[in-house]
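Each chain, written out:
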Amino acid sequence: MSDSLLSRPVDRRALLRTGMLGALGLAAAPALAACGGGSAPGGSSGSGSVSWAAWANPGEGERYKKFAEELSKKINAKVSFQAVVGDYEAKLLSQLAGGAAPDAFYVGDGQMAKFIGAKQVSDLSDYLSGGKSPVKLEEFPEGLYQWCKGADGTGLYGLPVDCNPSVLWFNKDVLSAAGVSSDPAQLFDGGTWNFDAFTDALDKVRGSGKKGLILSNWWFNWAWAVTAFGGTLQDESGKIVFADDPKAQEGLGWLLEQFKSGNITYAGSLPKGQSGDALFLAGQLAFNNVGRWALPTLKSVKFGYDIAPLPSPTGKDIMPAPVATAAIALNAKAKNREKALELIGNYVSKEGQQFRLSGGGNAVASVKGLDGLATEGGVPAHGKLFNEVVAKGYAMPNAFVSKAKTATELPTLVDKLFKNPSTTAASFSEAVSKLVNG
Amino acid sequence: MSLDTQIRASVDAVPAQPRRKVSRRRRKDTIAALVFLSPQLLGLIVFMIGPLGFALYLAFSHWDGFGAATFAGLSNFTELFENPRIQRSAINTVWFTVLQVPGVMITAFLFALFMQKAGRMTNVYRLGFVAPVVTSSVAVATIWLYLFNPEISPINSALRSIGIPAPNWLQDPSFIIPSFAVVAIWQGLGYQLVMFMAGLQSIGASYLEAAELDGCSAWQKLWHVTVPLISPTILFLSITSIIGSFQVFDYIYVFMDSSAPDEARTIVYEIVQMAFREFNFGAASALAFLLFLVLLGVTGLQMAAQKRWVHYAE
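Quick note, the sequences are listed as chains A and B, same order. When we follow this note's numbering, the leftmost residue of the first sequence carries the number 1, and every step to the right adds one. When we follow this note's numbering, the leftmost residue of the second sequence carries the number 1, and every step to the right adds one.
Okay, chain A solo, but in the shape it has when bound (with noise of 0.2 Å):
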């Protein structure tokens, strides 16, 4: 009992030995704690692991963890997953700056450029040729993926994870309420869904009260203005040339026309959703021009709603639109860089995809044959229409984003494009072009 801890006598500089090792460690331990917190979650450091990051909101994050538990019975190895919160682009810069990134990780289209020409990301195309992977190019739309290229158009740097393409969304009590008898999805399903009847309901809609349409400056609500009339965004190099093309021209005018007449509001650079998904939600706007991510929200609301393809001139074809995108690339300091293309493999193919969005009800496929996944509960009735969207779209311009400021300046460009009055089809085509094109 002499002995004991308690009942040995405490001097003073014993007391403040203690306490001085004791302040050091508490002080230390958040230190190093955020020193090592780029690495530590990934797990990737030994053999047999490996990590990948994303964002995500909770639902996902939850299921991405349970796909990494399932992944790693697969692969026999320790798969975690990375949710990263808050400004992810920094984050992640600032993960690969200090060589603490994980294995794999999610780029944005605004981001990958930058990542293939400074190194950061590493070729996929031999991986996805070879025996090994357990999904193939050819099972990605086309149009999906030319943004993971590099500025020569070879290799490929990324594997788009999943889609969400420019849909109109309408609510049916809005439209019904202002005398539009026969809703947009009905119209495409009798071939009718061309300009001259959206522009009849937007009419319809502004003679209510209601606001027939908010876009933003964000390319996915207005590059489809280019493509609707069967215009030309982008040639095979990916040089944007719509400026030249009549058919874009038409698009442009008829877009900015609505934005003059007030049919169309401009909604410049608020944040993707919150003014047009505000207002959608309130029963104040009769469409709104987002993805599938929409859904989630739309479930609990008391309004009829459904979805339609962008009108088209002939009223029953679905005509090129943009669909926003993200990919998966393996890091190219990649500790587990074979575990690190197995999970990236798995990652998109349809098993994984099923896995991943099955449930879920905020994006659609990248790859095809999983068109039942947009339908998933009937809901929207029109559902099977994503799919078809995802076939004929593109995602962004390589040219929009090939270049860090370019990708910045857009968006401002455009919001003054749109705002000035004086704008038309041909000044804004060339300040656009301009830009991208150099």
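Don't read these hints as lab results, they were simulated from the structure. Errors might be hidden in some of the hints.
Listed next, the in silico EDC-like pairs over lysine to aspartate or glutamate satisfying Cα-Cα at most 20 Å (straight line) [what the hints assert, rightly or not]:
(1) A:K260 / B:D172
(2) A:K403 / A:D235
(3) A:K405 / B:E82
(4) A:K416 / A:E257
(5) A:K403 / A:E236
(6) A:K416 / B:E263
(7) A:K119 / B:E278
(8) A:K405 / B:D257
(9) A:K405 / B:D262
(10) A:K403 / B:E278
A quick note: this is a predicted structure, and the numbers were derived from the prediction, not measured.
Given the structure of chain A, go ahead and fit chain B onto it with the hints provided.
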């Protein structure tokens, strides 16, 4: 040996040992102090001084976030001075400061004066005012995003109901910065209110009674007694407010994401854009360095000017 010499020798000899002891003890104390301080010092060096030094180095370098940085001389600074977008952002930042700093200080001071008469309700009011302070800026911005929505905002409905045309707060170029200032004032009010209340409560009743006996009106008491006596609080709040307002970023980022129009951009927003969107860490660091110099200068001027108007109680 003379007596004088003996005495001097003994005087010299006597303190010699204690002085060595004292010096040894001092050295021990210094070491102990350093050991105690070392965790904080380490943190300061790693997380403050180190990054500051690195930012200064980057300000004179070209660096895209990867690989080695190359010496850039003053080209990053030249690039900034020639960039009209940066000039516009600097003007926006100053405009925000001009609106926000006096706005929040005057409002907080007035509410603090009223709160002195609130009696038992003081704590309730104080809680209400402080709630936004402890709410994250992102949550605050999300709430205001709804309040600034021209179509569904209750503010706009109220304005329209009394015949005032409701502005499009976040789209109309002349309203964007004032809108940010309104949000910042709303969120910053509670902190300044608490500080002003503490300042007001520290004023001795005798000063005000003396002024009253001298026949001062309420306004004269406020202007000639109260304000001078809380001038240290005013100085402190003005310095911290100006520094904070020059660094405004979070509201803009939530309101506008990464594609804010020119009319909404501030200096710190530009720094983040240049660094993490355009991968131009050199120019971003140069801009951060310039911002640091400006804040240093403004704070220095405030400190110099305080000798003329700040009264410290004895």
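Notebook entry, point to check: Taken at face value, is the distance from the CA of E236 of chain A to the CA of K403 of chain A at most 20 Å?
Noted result: Holds. K403 of chain A to E236 of chain A sits at ~19 Å (cutoff 20 Å).
Notebook entry, point to check: Is K416 of chain A close enough to E263 of chain B, meaning Cα to Cα at most 20 Å?
Noted result: holds (10 Å)
Checklist line | Pairwise hint evaluation, D172 of chain B against K260 of chain A, where the allowed Cα distance is 20 Å at most | finding: Holds, at roughly 16 Å.
Next item on the list: Measure nothing beyond the straight line between the CA atoms of K405 of chain A and E82 of chain B; if it is 20 Å or shorter, mark the hint as holding.
Entry: With Cα atoms ~16 Å apart, K405 of chain A and E82 of chain B stay inside 20 Å; holds.
Notebook entry, point to check: Would the pair K403 of chain A and E278 of chain B pass a check requiring their Cα atoms to be no farther apart than 20 Å?
Noted result: Given pair K403 of chain A, E278 of chain B holds - Cα atoms ~8 Å apart, limit 20 Å.
Checklist line | K403 of chain A paired with D235 of chain A [C-alpha distance capped at 20 Å] | finding: holds (18 Å)
Next item on the list: Mind checking the alpha carbons of K405 of chain A and D262 of chain B for me, to see if they're no more than 20 Å apart?
Entry: Holds: K405 of chain A and D262 of chain B sit about 15 Å apart, inside 20 Å.
Check: Is the Cα-Cα distance between K405 of chain A and D257 of chain B 20 Å or less?
Finding: holds (16 Å)
Check: When you check the alpha-carbon spacing of K119 of chain A and E278 of chain B, does it fall within 20 Å?
Finding: holds (16 Å)
Notebook entry, point to check: Between K416 of chain A and E257 of chain A, is the straight-line Cα distance small enough, at 20 Å or below?
Noted result: holds (16 Å)
Violated hints: none; the structure is consistent with every hint.
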